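Participant: Single-letter residue listing:
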Amino acid sequence: MTKFEFNHDIDIAWCPGCGNFPLRNILIKALQELELDPTQVVFSSGIGQAAKMPQYVDASYFNGLHGRGMAVASAISAVNPKLTVIAEGGDGDMYGEGGNHLIHNIRRNPHLIHIVHNNMVYGLTKGQASPTSPIGLITPIQLDGVYNQPINPMALALAMGATFVGRGFSGDQEKTKELIKAAILHNGYAIVDIFHPCVTYNKVNTFAWYKSHTFWLDETYIKTDKLAAMKLALDEEKLACGILFQVEGKSYPQRHPFYKGDLTPLYLRKRDPKVIEKLINPTK
Amino acid sequence: MRDSITIVLSGEAGQGLQTVEEFLVETLTQEAYVFSSKEVMSRVRGGNNSVEIRISDHPIQALRYTIDYLFLFNDHAFDRLSPRIKKDTVIYGEAPFLKSVPTKFKTKEVAFLDLAKQAGNRLYENTAMFGYIAGMIDASSDNAKALITKRFTKRGEDIVSGNIKAFDLGYALGLVDADRPKALKPLKFTPKRVMTGNDVLTLGAIAGGVNYVAAYPMSPGTSLMTMLEEKSRDVDILVEQAEDEIAALNMVIGAWYAGARALTTTSGGGFALMTEAVSLAGITESPAVVHVAQRPGPATGLPTRTEQADLNLVLYAGHGEFPRMILAPGRLEDGIEVMSRAFYMADKYQIPVFVLSDQYWLESMSQVEHLEFNPKYLESFVVKTERDYKRYAFDQSGISPRGIPGYGLGYVKVDSDEHDEEGMITESFTMRVDMHEKRLHKFELMKEDILEPLISGATEKEKLLLSWGSTYGVIEEALVTNPKWGYTHVHFTQVYPLPTSVEKLIRGAKSITVIENNATGQFANLIQMTYGIKVSRRILKYNGEPYHIDELVTILEEKQ
Ligand SMILES: Cc1ncc(C[n+]2csc(CCOP(=O)(O)OP(=O)(O)O)c2C)c(N)n1
Ligand code: SF4
Ligand SMILES: [Mg+2]
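From first to last, the protein sequence lines are chains A and B.
All letters in the first sequence, in the order written, are residues 1 to 284 by the numbering used here.
All letters in the second sequence, in the order written, are residues 1001 to 1560 by the numbering used here.
Everything labelled a hint here was simulated from the structure, so no lab data went into it.
Small disclaimer: the values here were computed from a predicted structure and weren't measured.
Be aware that a few hints might be false.
Unchecked claim - In silico contact screen, one side only, chain A against chain B (beta carbon under 8 Å); selected entries: (1) Arg68; (2) Ala71; (3) Ile76; (4) His101; (5) His104.
Claimed, not checked - DSS-like, lysine-lysine: derived pairs with alpha carbons at most 27 Å apart: (6) B:Lys1188 with B:Lys1165; (7) B:Lys1376 with A:Lys274; (8) B:Lys1384 with A:Lys270; (9) B:Lys1192 with A:Lys274; (10) A:Lys278 with B:Lys1376; (11) B:Lys1231 with A:Lys250; (12) B:Lys1510 with A:Lys274; (13) A:Lys278 with B:Lys1192.
Unchecked claim - Just so you have them, the derived chain A footprint on chain B, three or more residues with Cβ under 8 Å: (14) 1155-1165; (15) 1237-1250; (16) 1276-1287; (17) 1370-1377.
Glycine is no exception: its CB is placed at the ideal position from the N, C-alpha and C atoms.
Build the full structure now, drawing on both the sequences and the hints.
Facilitator: What follows is the structure in structure tokens.
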């Protein structure tokens, strides 16, 4: 299986040992195992180390502005609901600069997968605090340590009414791959926050730190119980991984009155000049 | 001899001024030339708003400052309008409403409320006033009653007959008003449609194939979104209210990427938030159509008023260098061509195209003869991709063929970083230069596709008067009525890039006057920069109002 892989060498801009490498393997495997046709898969990302992912997966992508990957993805999936759309980026990109799009797209429930590489730091811009940086993390700007409360993306997504809320860890490849596959198969918006160590700039949240602070939910966990999910999400000591919450909901194409059950992409809907003529000169 | 009268209705928001305006304009357009516009305060209730309806025996597309007949809807409706009153202006209203009018002015008490009550309900007051005005100007009562019937049929027969009774009572009084204007109606007249700028832009967008709209409400840009949503019942248009303007333009770009013909609409403040995405459209070579409805700034400015002060904003928005096109409708009917053409040009050249309008142009009601659209503008330039497709291929045509994901066997890789032909990020200096030149070369290609200026007036072409956008109508009327000045009017519908066709004309002119609705002469500056000349005179207005015909004639007459 070579789909989504390049048939030539590619120059990857990540640091050696970075958690983005295993993430790339996981993602490509997930797409391959679901036997998706690469011509029907589109990535939309912003700017950051994480947001470079689409460059390294052989499929269509729109690598746009910092923070705006979700806005672009939302429109792509609305315009062609038959595509598999993946919005991907870092914690700074998606929770900081793009925070407003996060909130409002959960409300829209577009049919797409939202993958956030959460290394709790701004990698590309050399180590400043991100919205998920823990209090006390020392950075070139927060010299005495981060003092602002970090965002809790899982709790936020649950509170906003997301119908798929999941968390993974790049160190647990098999389980995280299955999590991504479940997200791709979900109808509507699915957020997957993935912990991964930034070996260059985050010396606190290391591979070992994630290993000892995370645990995976097992089969006995009932993922349709929102209060149970919220309880897990609010626990910032022991970080639960897996599908924290999943229920069926109406996705954007099922809600927006435009579609009426017809998912034909917009480019295939041709406009009849006669209809235009009638609108422009109604009495003729 | 040309003749026109100006009727102004003044009252509070929510008092029904607009209903009387619509009734009058719809009736009059069956038998005379008419133009109307409103000026409103930025509030939902109260304050003081006014509607001006101008009627003429010749075509008009402008307002007049001095008022012939003023109708007051309440006791504080007069104050703001006193500078517009002349000796023989007649001011109408209920007795208490006239109290605030200085005695030197001519007033006439009409008990519209009593007429309404006689007809059965005080709610018919506005219809009684409509009847009175219709009687004064000898409008066809059949036409008027047909409109009333159409409007109120849904509310039941009683309401229809009550309104008609109120109309008749008013009409009878208006007919015998000693101050009523002399015959004003043209001898020969074919009924015309009345439309607003918003109406024509809506139709223009549909004629350009719009099928996706993402926008965030901001006056006066919102109406286009509202009206396209209404039309989405007749044609496929997916309308989404974005969470902010940043999202709106990013969504529009994403929509084009996935194969839609997408539009966003906003005003200066909202557009300011879009500027990073304008630059994104530049480097990704993404089409985008952006309607910027101008209102006076800076910042929140005068939210419900008019101005032409965002030309520089639109011209320079976005970091880096990349091609763009700016179109600004002047003649009302040009709105169709301008808006539909914007989609075509955006698609053809893979650039952002801006349609620049303003509050006055969008909200005025004016007459149109016949509207046309060009089916060519529906043409799509999207290609089906092959397995080895490269989004940014160096193509002989100068433009890389644009594929969309899911259509064909290829991948469509688009990047906001500098990229190679495939769309992969590159830091190669030579690739940067090649890609940058490819993008900028589109400026050259676009020269083939310029919407030429409208040229009218004196044939000597020595004394030029240049304009753009909404000032077209008022300038035309001023020049048609004053051929003695000898101006040649050159009106630019394409504001950027400017046409080379008039270069000789402009360079050879003895004098160049530029008229604009802003304080610094942004278009005059662009003209100077483009054609390397010096503008002789700038006529500028920036109090939030459009130009009035009498005002402009005085300004031009002064310095002849
Ligand atoms: C409008 C804008 N502001 C700032 C930047 C600079 N910038 C690029 S990436 C980034 C943060 C990246 O952090 P994150 O999203 O967590 O990605 P990581 O590199 O950690 O994977 C910033 C601030 C930018 N490109 N655009
Ligand atoms: S800076 Fe950190 S996140 Fe970015 S590539 Fe290097 S290790 Fe990975
Ligand atoms: Mg990060």
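Participant: Going back to the hint list, which numbers does this structure go against?
Facilitator: 6, 12, 14
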